[in-house]
Amino acid sequence: MENNDEILEEFILEAREILDLLDADFIRLEQSPGDKKLIGNIFRALHTLKGSSGFFAFKRLEKISHAGESLLGKIRDGQIDLDPEKIDRLLDTVDVLRIIIEGIEKSSSEPAGDDQKLIGQLQSLAKIQSLAVQQEENISSQADPGSEIEVLTEPPVSISSDVLVPASDIALPEKLHDVSAPVKVNLDTLDRLMNLTSEMVLARNRLLPFANNSKDLNFSQTVRSIDLLTLELQERMMKMRMQPISYVWSKFSRLVRDIAQECHKKVNLVQIGSETELDRALLDAIRDPLIHILRNSIDHSIEIPEVRRSKGKSETGNIQLRAFHQNGMVLIEIADDGAGIHYEGIRQRAIERKLISSQEAAGLTKEALIDLIFLPGFSTKEKVSSLSGRGVGMDVVKNNITNVGGSIEISSEANAGTTIRLKIPLTLAIMPALLVGSGGQTYAIPQNRIIELVRLDPNAAQTPFEDFYGTPVYRLRENLIPVLNLSDELSLNEASSDKSNSINLVVAQSEGVQFGIVVDTIFNIQDVVVKPLGPLLNNLPKYAGATILGSGRVSLIIDVDGIATESGLIGKVQPNIIAPAPERNQILEGEMAMLLFELNGMSRIAAPLESIEHILMLSEDQFQENGNKEVVYYQDQLMHVIRLEDYVSGCEGNGSASQAVFPALTCHINHKTYALIVKQVYDIIQVPTKKHELSSPQRGIEGCVIYKDEVINVLDLEEVLAMHNAHDSSTVYPRVIDIQGVLD
Amino acid sequence: METNYLTFFIGKSQFCIPAEKVVEINRNCDFTIVPGAPESIKGILNLRGQLIVAFDMSSLLGVISEPLLSNAVSIIVKVDSSTISLMVDRVGDILALGESTFESPPNNFSLHMRNAVLGAHKLPDSLLIIIDPNLFINQLTTTTPAIELLPISP
Chain U
0 MENNDEILEE FILEAREILD LLDADFIRLE QSPGDKKLIG NIFRALHTLK
50 GSSGFFAFKR LEKISHAGES LLGKIRDGQI DLDPEKIDRL LDTVDVLRII
100 IEGIEKSSSE PAGDDQKLIG QLQSLAKIQS LAVQQEENIS SQADPGSEIE
150 VLTEPPVSIS SDVLVPASDI ALPEKLHDVS APVKVNLDTL DRLMNLTSEM
200 VLARNRLLPF ANNSKDLNFS QTVRSIDLLT LELQERMMKM RMQPISYVWS
250 KFSRLVRDIA QECHKKVNLV QIGSETELDR ALLDAIRDPL IHILRNSIDH
300 SIEIPEVRRS KGKSETGNIQ LRAFHQNGMV LIEIADDGAG IHYEGIRQRA
350 IERKLISSQE AAGLTKEALI DLIFLPGFST KEKVSSLSGR GVGMDVVKNN
400 ITNVGGSIEI SSEANAGTTI RLKIPLTLAI MPALLVGSGG QTYAIPQNRI
450 IELVRLDPNA AQTPFEDFYG TPVYRLRENL IPVLNLSDEL SLNEASSDKS
500 NSINLVVAQS EGVQFGIVVD TIFNIQDVVV KPLGPLLNNL PKYAGATILG
550 SGRVSLIIDV DGIATESGLI GKVQPNIIAP APERNQILEG EMAMLLFELN
600 GMSRIAAPLE SIEHILMLSE DQFQENGNKE VVYYQDQLMH VIRLEDYVSG
650 CEGNGSASQA VFPALTCHIN HKTYALIVKQ VYDIIQVPTK KHELSSPQRG
700 IEGCVIYKDE VINVLDLEEV LAMHNAHDSS TVYPRVIDIQ GVLD
Chain S
0 METNYLTFFI GKSQFCIPAE KVVEINRNCD FTIVPGAPES IKGILNLRGQ
50 LIVAFDMSSL LGVISEPLLS NAVSIIVKVD SSTISLMVDR VGDILALGES
100 TFESPPNNFS LHMRNAVLGA HKLPDSLLII IDPNLFINQL TTTTPAIELL
150 PISP
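Residue numbers (numbering that gives the first Met the number 0), protein chains in the order written: chain U, 0 to 743; chain S, 0 to 153.
Since the hints were derived computationally from the structure, they do not count as laboratory data.
Glycine is no exception: its CB is placed at the ideal position from the N, C-alpha and C atoms.
There's no promise every hint is true.
Stated by the list, open to error - Negatives, chain U to chain S, calculated, CB over 12 Å:
1. Asp187
2. Lys422
3. Asp635
Claimed, not checked - A few chain U residues facing chain S, derived, Cβ under 7 Å:
4. Asn194
5. Arg346
6. Ser490
7. Leu491
Using the sequences and the hints, build the whole thing.
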């Protein structure tokens, strides 16, 4: 078989895909037993597998898939009925097939095993004649053709089916879509292409100054087109690494069904936004945490049917998986409608487990109690089941998520269910990092670990750090935080760093511990492409990788956790992490931050600060025409220009033309970046969340808030964007705006 | 059957590596130091977007390099699947040498270097030591060897 290694590898890949499809299809079949098309799909998939197995002389595979196929054939022809027992047996079949495939992958030959029992069961099921053929026909005729599940599987293209299987045996799907087949590319190849692309970007950066200084128009134009091409190349490359989250989710229907059965519960899993794309490496990283959360939801939160009925809920519990993009992150929500978190139970448990004292426990808020769940060795379920409740769990989940730069939030209401929210960065390959200088070298610190930057006055009479019996500490607003010197931690040569300069302190956080890192200089925050250091340097815990700066030089990325561990900080302070760090800049409940600005004819208008990304200064000549819309190309980004005066009632249009430069607020909504042109930006103000509705709706204004006894209008960003996107050049105020439709 | 060797110098000592392993010779050695890395690793450098570990050959071979030329040239070498850079003082010629001048290391040859040294070619006036970058790396990745200073006469 050695010569066939490559073909065999292909076969295994294909077989795995088929098995995954089978899993998903069977679950769907269970929900709509009359779906002939679905049965046809499954039948064909099994048939392909059988054909390929025959080609490699894998007898076990061939026999089992044959038995499964015959049973399915009878079901497809309506000779027998599909019932849960048959589904169970067929799923068992898929499991056995999977085990065999895994065996083949390990040893290139079939693992030994006796399948007589399973095959016997399948055959006996196939023999039982159904009395209810009529009934089944009724079901299938009732099924609305429109609601039929679309053929998701392309006709399985087998490496050997063309050879071995008579063409008449393969029932082709009714309509063949014109789908170009995807090409499988090795991740290594992709990475190399990525490298080349980022290098190309650097070369472009070096080229640009020449073009700017050159008088040769041809040359400048050529450079400009290279510039644009490079940009597009970079974007496409980034997209290539992305895969839809359905890659992970597709296996969940089966998983949920099995767990639910084991727990004697009924669970319905809904997946929304499965097309949301994530970096492939991240997908692998979140798979296990997601599985664990799902298990917890089914095992702990969803009640057994009797209890649910007595509570007035439907017998079937619902779990909703939802994924969507927000602010450059992917949000994944796992919401169930089960019993919710039993806060008192957590309190009791934490005291029992001596994680906190009973005095401490009494004062904890709900949020603080939820934080306890993430402590190692915490499990509230009395009975330890095989699925969950082994005490390893949420702490591991949290670690896995934070390791990839994400975060996790839980909210829960008694009897209404629990919602777990994961925030995951889009990609691991690129992350924002703060560039700092220390000992003459430039280092990058991941931004998601930085809490704040403190600049200390070098001319102060005494050193800003206090001596905690040998350990330097810094007083950060009443909190004492330990201080590390980056050049000491890295044993850099101190000679090049100038002590008389101001001292910059990067306040970072690791495992809930805040500490300061002293650096010489702070440069800027930029997106860096993370590259691994490779096997020769992989035993250096202080670095998370390296990146290539715009100058072409390599800069090391500091692993904040690694530095903290190496210096003994985490080990020293960890036992005290239970007390949650007090929120900084605490915003009073019911208040929100708003950006206050001026439009022509309206001196006070505000927009929620969270919707605004940046404030830029733009001049009129930067605007370019795109159809009937104005756009501006700024820092590699195309932004749609919105002159707010045109959309907000009470403003005088076109007044801003008299200004040479004007501020633009940028916001990023639905993958588009908009620049909102205003006259002047004033301040950030804290206002009550409660808005006063306007008696007669005003165009572009959502309501107003009171700030220092002054009425301030609040911009209705959604409406403005909707009006902007509606291609409506008339000034007539549209009566009904389908915001969702227009925004999509 | 002759093999091509690229010779290089550290201080006054001459060594060579099989030329087939050499990808390119680079004078732009703008490497970044990696604090905490083994002493023999000089740092990492950027070769067209690929991160490459640069080895300090003077430290690895235990030869003192000329202060002015120290690590002036980087020989980019491909071993197995990884690419590394060997920092040397200067490169010499490419020599085609046959079996007739080849000698294996003597029995009492230093154990530490046995894996890294393939043997030597007898040149008219000196011995040309052949370095095997392959084994160098294998050894480095498994254990960090304590490298003894080799008694090499100038």
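A quick look at each hint next to the structure:
1. Distance check for U:Asp187 against chain S: the nearest CB is about 9 Å away, which does not clear 12 Å, and the non-interface claim fails.
2. For U:Lys422, the condition that its CB be more than 12 Å from all CB atoms of chain S holds, with the nearest at approximately 29 Å.
3. Non-interface status of U:Asp635 relative to chain S is upheld: no Cβ of that chain comes within 12 Å, the nearest being about 19 Å off.
4. Because the smallest distance between the Cβ of U:Asn194 and any Cβ of chain S comes to about 4 Å, under 7 Å, the interface hint for this residue holds.
5. Look at U:Arg346: its Cβ only gets to about 44 Å from chain S, farther than 7 Å, so that hint breaks.
6. Taking 7 Å as the C-beta contact cut-off toward chain S, the hint placing U:Ser490 at the interface holds, the least distance being around 6 Å.
7. For U:Leu491, the interface hint holds, the least distance from its beta-carbon to any beta-carbon of chain S being 6 Å, beneath 7 Å.
Hint compliance for this structure: hints 1 and 5 are broken, all remaining hints hold.
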